[in-house]
Amino acid sequence: MVFGFDSFHAEHVDASALWRAIRFADDMPAQTVMRVADVYGARGAGEFLASLGEDALYWLYLVYPLLPLGRAENLPCDWFVGGIDEAKLRAESRKTFCALWDGRIYPCYYPGIPDVSTCLGDAARDPLADILSPAETATRTHIGSRE
Amino acid sequence: MDMKIIGFSLTDKCNASCEVCCFQCNPHGLFLVDEYVAKRYIDEGAKTGTVRNLYFSGGEPLLFPETLGRLARYALDQYGIHSLVVTNGFWGADIERGMPMMRELAECGVTNVRISADLYHQKYVPADAVRGALRIAHDLGVLSHVTVMDVKGHPNIRATIDLLRPEIYLAPFIAWYPLYLPEAVLAGKRLGIGRQDLEEPIPWGACRCRDFIGPRLFWDGHIYACCSQFTHEIPRMRVGKVGETTLIEAWKRVNRDPILDVIHRVGVTWLAERALELGYPIRDRYTSECELCRDLLCNAELVSKLEPLALKESQRLRLAGLFEH
Chain A
363 MVFGFDSFHA
373 EHVDASALWR
383 AIRFADDMPA
393 QTVMRVADVY
403 GARGAGEFLA
413 SLGEDALYWL
423 YLVYPLLPLG
433 RAENLPCDWF
443 VGGIDEAKLR
453 AESRKTFCAL
463 WDGRIYPCYY
473 PGIPDVSTCL
483 GDAARDPLAD
493 ILSPAETATR
503 THIGSRE
Chain B
8 MDMKIIGFSL
18 TDKCNASCEV
28 CCFQCNPHGL
38 FLVDEYVAKR
48 YIDEGAKTGT
58 VRNLYFSGGE
68 PLLFPETLGR
78 LARYALDQYG
88 IHSLVVTNGF
98 WGADIERGMP
108 MMRELAECGV
118 TNVRISADLY
128 HQKYVPADAV
138 RGALRIAHDL
148 GVLSHVTVMD
158 VKGHPNIRAT
168 IDLLRPEIYL
178 APFIAWYPLY
188 LPEAVLAGKR
198 LGIGRQDLEE
208 PIPWGACRCR
218 DFIGPRLFWD
228 GHIYACCSQF
238 THEIPRMRVG
248 KVGETTLIEA
258 WKRVNRDPIL
268 DVIHRVGVTW
278 LAERALELGY
288 PIRDRYTSEC
298 ELCRDLLCNA
308 ELVSKLEPLA
318 LKESQRLRLA
328 GLFEH
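Chains as they are written, first to last, in my numbering: chain A, 363 to 509; chain B, 8 to 332.
Keep in mind the hints are simulated off the structure, nothing from the lab.
Built from N, CA and C at the ideal position, the CB exists for glycine as well.
The reader is advised that the hints may include incorrect statements.
Unchecked claim - Which stretches of chain A does chain B cover? Using the computed rule of at least three CB atoms under 8 Å from a CB of chain B, they are: (1) 410–418; (2) 423–434.
Stated by the list, open to error - To give an idea of the chain A side of the interface with chain B (calculated C-beta under 10 Å), a few residues: (3) P391; (4) V395; (5) V398; (6) D400; (7) Y402; (8) G406; (9) A407; (10) V443; (11) G445.
Construct the entire structure; sequences and hints are all you get.
In structure tokens:
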């Protein structure tokens, strides 16, 4: 079970509620991971984790670079970490597809959604083979155009 | 209990001399686990049919990649057993050399590389090297996670993410632990960390033993019952010695020890509850379950009182287990 929690989520989700939820999840047989967005500066993953109390120790964290997509496009440009390994993004795109609530399929779980340029197709309308084939190219092109 | 892992603390030699190193390893280390002995122990462990992995740590095991590779290859070829390695990532400083070395190890069955990184390590291992190691291990598909040990105020998690960007994003996970130290290290004059600086995130009642899964052979020839950082301080954890004890004999000693059996089956908290009933103090919180275990089992008087209680509980649990099956 993956919990998204970082300096951005923390504005809306009370940390004590999150820790209760994580402990509850940890009693289940699933592995529990916290996914933390990273930017430069005071709102980065390191600063955010360091600000958490001792409850935050002994967990697994997946730190990923916040990308200037969706509402994050409005954040200051110098917050975003450059030089991101494209191989990582390609690997992500091969591993993960994201189906939206309305049937749109996106090439990875990076937060490029909802953004028309990365949409691979409509699960209700398009054959699966057509949806999956352009994933790598779409992700790379899209991310590359934003950097 | 089944032997799931065979641990090898391959050497006491390390390119770093971290002040917080639980085994106080450094570049002057002299010992290396005997390869012939290690292979015999792999043979013995494999014959149990329960061993899933070898676990190599140090010191810095990748100072001896040929030895590590031969052992990993032997386990893979003979028994289909894969290997895990804990390293500080120094070998990432030179991609031209690090990549073929790690590729060779991956071909030998090393499937899981864990990189230790924090301010203590980065005093000796440049962040550039660790970033290179992350890239190499990721590209070869063997990167498991980055381990960060931290103290109060959490300076290490902050610094590690800052220092290792953007390659830190390649790590599937960051495993973040409180720093826990043997008393001998805490007492070290050059270490500017005291008991008061250590986080104690675990209430004693929540201490669960996570790593009681196999014996660990140390470079000094001793076999220990678990891979705890405190294992050297606990007399009953020393269950054998090279030349005197086979791996199977050592593991039988673990299984026949009622206190270790109870720890494995129901956790160290059972012992803590009995200790409280006997009037011995237990702290409210601990840095780790291993520290609670150490505090209990290094008290000889307490242990002598726990032994008969543990024997009864161990027998009860074994019987209950029979009925469950």
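Supplied contact hint for G445 (chain A), tested at 10 Å Cβ to chain B: Status holds, d = 5 Å.
Hint check, V398 (chain A) versus chain B [nearest Cβ-Cβ separation less than 10 Å]: Hint on V398 (chain A): holds, closest Cβ of chain B at ~9 Å, below 10 Å.
Coverage assertion for the stretch 410–418 of chain A with respect to chain B, Cβ distance below 8 Å, three residues required: As far as the stretch 410–418 of chain A goes, the hint holds, because 7 residues have Cβ atoms under 8 Å from chain B.
Coverage criterion applied to the stretch 423–434 of chain A (partner chain B; beta-carbon cut 8 Å; 3 residues): Holds: 5 residues of the stretch 423–434 of chain A have a Cβ under 8 Å from chain B.
Interface restraint verdict for Y402 (chain A) against chain B (beta-carbon cut-off 10 Å): holds (8 Å)
Restraint check, 10 Å cut-off on beta carbons, for V443 (chain A) near chain B: This hint holds: V443 (chain A) lies near chain B, its Cβ roughly 5 Å from the closest one there, short of 10 Å.
Minimum beta-carbon distance criterion (10 Å), V395 (chain A) to chain B: Holds - the Cβ of V395 (chain A) comes within 10 Å of chain B, reaching about 7 Å at its closest.
Interface hint compliance - A407 (chain A) to chain B, C-beta minimum distance less than 10 Å: For A407 (chain A), the interface hint holds, since the closest Cβ of chain B sits about 5 Å away, which is under 10 Å.
G406 (chain A) as an interface hint toward chain B, with CB separation required under 10 Å: The hint holds - G406 (chain A) has a Cβ within 10 Å of chain B, the shortest such distance being about 7 Å.
Restraint satisfaction for P391 (chain A) [CB to CB of chain B, less than 10 Å]: Nearest chain B Cβ about 15 Å off; hint violated.
Restraint outcome when D400 (chain A) is required to lie within 10 Å of chain B by C-beta distance: Since chain B brings a Cβ to about 7 Å from D400 (chain A), closer than 10 Å, the hint holds.
Checked against the numbered hints given earlier, this structure breaks only hint 3.
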